[in-house]
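Each chain is listed here by its residues.
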Amino acid sequence: MSTLLDVKQLASQRAGRTLFADLSFSLQAGAVLHIEGENGAGKSTLLRSLVGLVELQAGTIQFFPSEHGLAQEWRQHTLFMGHKSAVKAELTALENVALQAQLSGLTQVDAWQLLETVGLLGLEDLPAGQLSAGQQRRIALTRLWYSQAPLWILDEPFTALDTRGIDLLQQRFAQHIEAGGAIILTSHQALTWQPEQLQRLRIQGGEL
Amino acid sequence: MWRWLHPYAKPETVYHLLGRWLPWATAGAVLILGIGLVWGLLFAPADYQQGDSYRIIFIHVPSAMFSMSIYVSLAIAAFIGRVWQLKMADWALAAIAPVGAVFTFIALFTGAVWGKPMWGTWWEWDARLTSQLILLFLYIGVLALYYAFSDNRTGAKAAGILAMVGVINIPIIRYSVEWWNTLHQGATLTVFERPPMANSMLFPLLTCILGFAFLAAALIMQRMRTEILRQELRRPWVKQVFGRPAATGERS
Amino acid sequence: MSRASSWTALTAIMKRDLMVVMRRRSDILNPLLFILVVVSLFPLAVGPGPDILGRIAAGVIWVAALLSALLGSERLFREDYLDGTLEQLTLQPQALPLLSFGKIAVHWLLSGLPLVILAPLCALLLKLPLAGWGTLMATLLVGTPILSAITAIGAALTVSLGRGGALLSLLLLPLFIPLLIFASGAVEAALVGTAAWPQVLLLAGLSLLTLLLAPFAVAASIRVSVN
Amino acid sequence: MQFDSWQAFIEMGGYGFYVWLAFGVSFLAMGVLVVQGLRARSRLQREFTQEQQRQQRLARRKQEVS
Numbered sequence: 000m001s002t003l004l005d006v007k008q009l010a011s012q013r014a015g016r017t018l019f020a021d022l023s024f025s026l027q028a029g030a031v032l033h034i035e036g037e038n039g040a041g042k043s044t045l046l047r048s049l050v051g052l053v054e055l056q057a058g059t060i061q062f063f064p065s066e067h068g069l070a071q072e073w074r075q076h077t078l079f080m081g082h083k084s085a086v087k088a089e090l091t092a093l094e095n096v097a098l099q100a101q102l103s104g105l106t107q108v109d110a111w112q113l114l115e116t117v118g119l120l121g122l123e124d125l126p127a128g129q130l131s132a133g134q135q136r137r138i139a140l141t142r143l144w145y146s147q148a149p150l151w152i153l154d155e156p157f158t159a160l161d162t163r164g165i166d167l168l169q170q171r172f173a174q175h176i177e178a179g180g181a182i183i184l185t186s187h188q189a190l191t192w193q194p195e196q197l198q199r200l201r202i203q204g205g206e207l
Numbered sequence: 000m001w002r003w004l005h006p007y008a009k010p011e012t013v014y015h016l017l018g019r020w021l022p023w024a025t026a027g028a029v030l031i032l033g034i035g036l037v038w039g040l041l042f043a044p045a046d047y048q049q050g051d052s053y054r055i056i057f058i059h060v061p062s063a064m065f066s067m068s069i070y071v072s073l074a075i076a077a078f079i080g081r082v083w084q085l086k087m088a089d090w091a092l093a094a095i096a097p098v099g100a101v102f103t104f105i106a107l108f109t110g111a112v113w114g115k116p117m118w119g120t121w122w123e124w125d126a127r128l129t130s131q132l133i134l135l136f137l138y139i140g141v142l143a144l145y146y147a148f149s150d151n152r153t154g155a156k157a158a159g160i161l162a163m164v165g166v167i168n169i170p171i172i173r174y175s176v177e178w179w180n181t182l183h184q185g186a187t188l189t190v191f192e193r194p195p196m197a198n199s200m201l202f203p204l205l206t207c208i209l210g211f212a213f214l215a216a217a218l219i220m221q222r223m224r225t226e227i228l229r230q231e232l233r234r235p236w237v238k239q240v241f242g243r244p245a246a247t248g249e250r251s
Numbered sequence: 000m001s002r003a004s005s006w007t008a009l010t011a012i013m014k015r016d017l018m019v020v021m022r023r024r025s026d027i028l029n030p031l032l033f034i035l036v037v038v039s040l041f042p043l044a045v046g047p048g049p050d051i052l053g054r055i056a057a058g059v060i061w062v063a064a065l066l067s068a069l070l071g072s073e074r075l076f077r078e079d080y081l082d083g084t085l086e087q088l089t090l091q092p093q094a095l096p097l098l099s100f101g102k103i104a105v106h107w108l109l110s111g112l113p114l115v116i117l118a119p120l121c122a123l124l125l126k127l128p129l130a131g132w133g134t135l136m137a138t139l140l141v142g143t144p145i146l147s148a149i150t151a152i153g154a155a156l157t158v159s160l161g162r163g164g165a166l167l168s169l170l171l172l173p174l175f176i177p178l179l180i181f182a183s184g185a186v187e188a189a190l191v192g193t194a195a196w197p198q199v200l201l202l203a204g205l206s207l208l209t210l211l212l213a214p215f216a217v218a219a220s221i222r223v224s225v226n
Numbered sequence: 000m001q002f003d004s005w006q007a008f009i010e011m012g013g014y015g016f017y018v019w020l021a022f023g024v025s026f027l028a029m030g031v032l033v034v035q036g037l038r039a040r041s042r043l044q045r046e047f048t049q050e051q052q053r054q055q056r057l058a059r060r061k062q063e064v065s
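Chains as they are written, first to last, in numbering that gives the first Met the number 0: chain B, 0 to 207; chain D, 0 to 251; chain G, 0 to 226; chain R, 0 to 65.
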């Protein structure tokens, strides 16, 4: 198995407080990394610093096959989804999905198909602002169905989803892993699905 | 070059280095500026047209000169901070900007006070004064943005971008203000465009300019040290600077 | 990333912004109404005599335009910041300055261009002599892109602050001064019968320069703001 | 020496008010800058001391609990 991500001696501070220090791990293709920790432990900060949204205090992040510094390269190989769903309330579900795909540079995306996959068919012409939080989340999650990125970094992907939604998402995870991808995620719920290679990483108040 | 600079890029090293230079800069400022001002006020001859009122020149010209170059140095620091990701260059903004703003204010105020006996009015929309006024606004903008963020580091970066945008704009602003001034036939303080100044006035002026340079350096160094401490307050090395507190901690 | 995908992303962001704003038309209308109201305040304040109104007309219209640009600046990035779009944009493989340019262009289309169309009405209200109308519209046409571009920089810098209003005007108004000077200077030149085209050309040049550089400043500001 | 007397120096050939106003305000502004810089430093010192005491309290409480 090849290594997708290699993280060495990562350290981060937020508002002067050390969240984590000397954090090292590596991720193989086909593995799932579940990051655990209490509220405020720095899970989100860790994920955000992996994709360069938060400045690193120390440490190196190597994306296989490229160095973190080569911005163009790794951005194509990673997909990040944070707490916020980047769904426009004024646009309909269908428009949201289509424009989201186009923003990633893809023109050949069947938005109807995607909506059907995430179970939103029938709601396609409602403004997203009128949908529930879980439904908006599903709109955002359609990205997972066309993304070419091998590494997914997902911050609380199950938030607001019902059990069916969670199952659907985990099925998609399984496909991704099977295809040789890798996933880093944070979640307060335990995964109901057991991937073959599941790593756990616990962050708490500066120590590991 | 870069390798040589690197060891100095540690906040702790810079803090102590500045601490070593600061007394010299302060002494230089006090001494040179003192000599320059006494020379200018007491020994330089009176101007044949403006009488003794021209003596304002000994603070007006140096502060006006440095108000502009300090803004440029602000932008250079911001540029270094962005391109080489040197966080200390970002912090330097907080040290440099207030000094520049005060210099600009001094240039503006002395210009206006000088204008009263010359033009008969406290405020004239003269090209130079107007440019100074706009420069003051630019400084205030940078400072306001710097302190608007609760996270100091974000504030420093944002203010840096603004400073760079501002420095690109400065020549355009200057040119536009000059053009506007000629369009409206405003008054111009012509003291600088006269035939070369007599040496008896020029030398004290040059001394004052040098003194202001030292003064700016000393003020900026002092502020830079404070800024380093602020940003690094929770780092271990700061403990040695402030000393461990007496083991009181008893709650009354 | 290929050129085709960059183009797709650029059109996508422009389409998205246009669609969002078209569904909330008050966002376009309110700044324009603001200008109209400000413009109609002046005759009440300085008296309706045509000589004084005509002389200050161009300046008043331009100052109103600057203020209304600040008023509408929230729309540029605020929503995108809150709903996470901005974060996603910084993670796109496409160049962020390109996407920023798209946002600036849409902003201009929906705030600058309507202003050009509104200008004759303002000129009429302020009794601007007919000789100045063409020049006024020309300066608005070439000058408002600067307004959009610089406003975008300020909006991107202050988007994470939430209460950016007064701060934003402090940051941006000094940067608008050359625009104000050249634009009202051009109209004045037209009114006294001298050539106004040098100033208009100068404004056009400034406009191009700003449009060239501002997207990079906006991109850098966005990266700082999402941190 | 350009001035015959102390009085003449203060009067500055009739421009005394302007000259001294300019110099006075300039030095005042610099003084404010210096004082403000020094106060910022002592404020930091205070902040630092409070932080240290807070940590000591926390450490003591931890000890008491364990």
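Hints are computed from structural coordinates only; laboratory data are not their basis. A hint or two may mislead.
Here are the simulated DSS-like pairs of lysine-lysine, each with C-alpha atoms no more than 30 Å apart in a straight line [what the hints assert, rightly or not]:
| hint | chain 1 | residue 1 | chain 2 | residue 2 |
| --- | --- | --- | --- | --- |
| 1 | B | K83 | G | K14 |
| 2 | B | K83 | D | K9 |
| 3 | D | K238 | D | K9 |
Tested hints:
| no. | hint | result |
| --- | --- | --- |
| 1 | B:K83 with G:K14 | 21 Å, holds |
| 2 | B:K83 with D:K9 | 37 Å, violated |
| 3 | D:K238 with D:K9 | 16 Å, holds |
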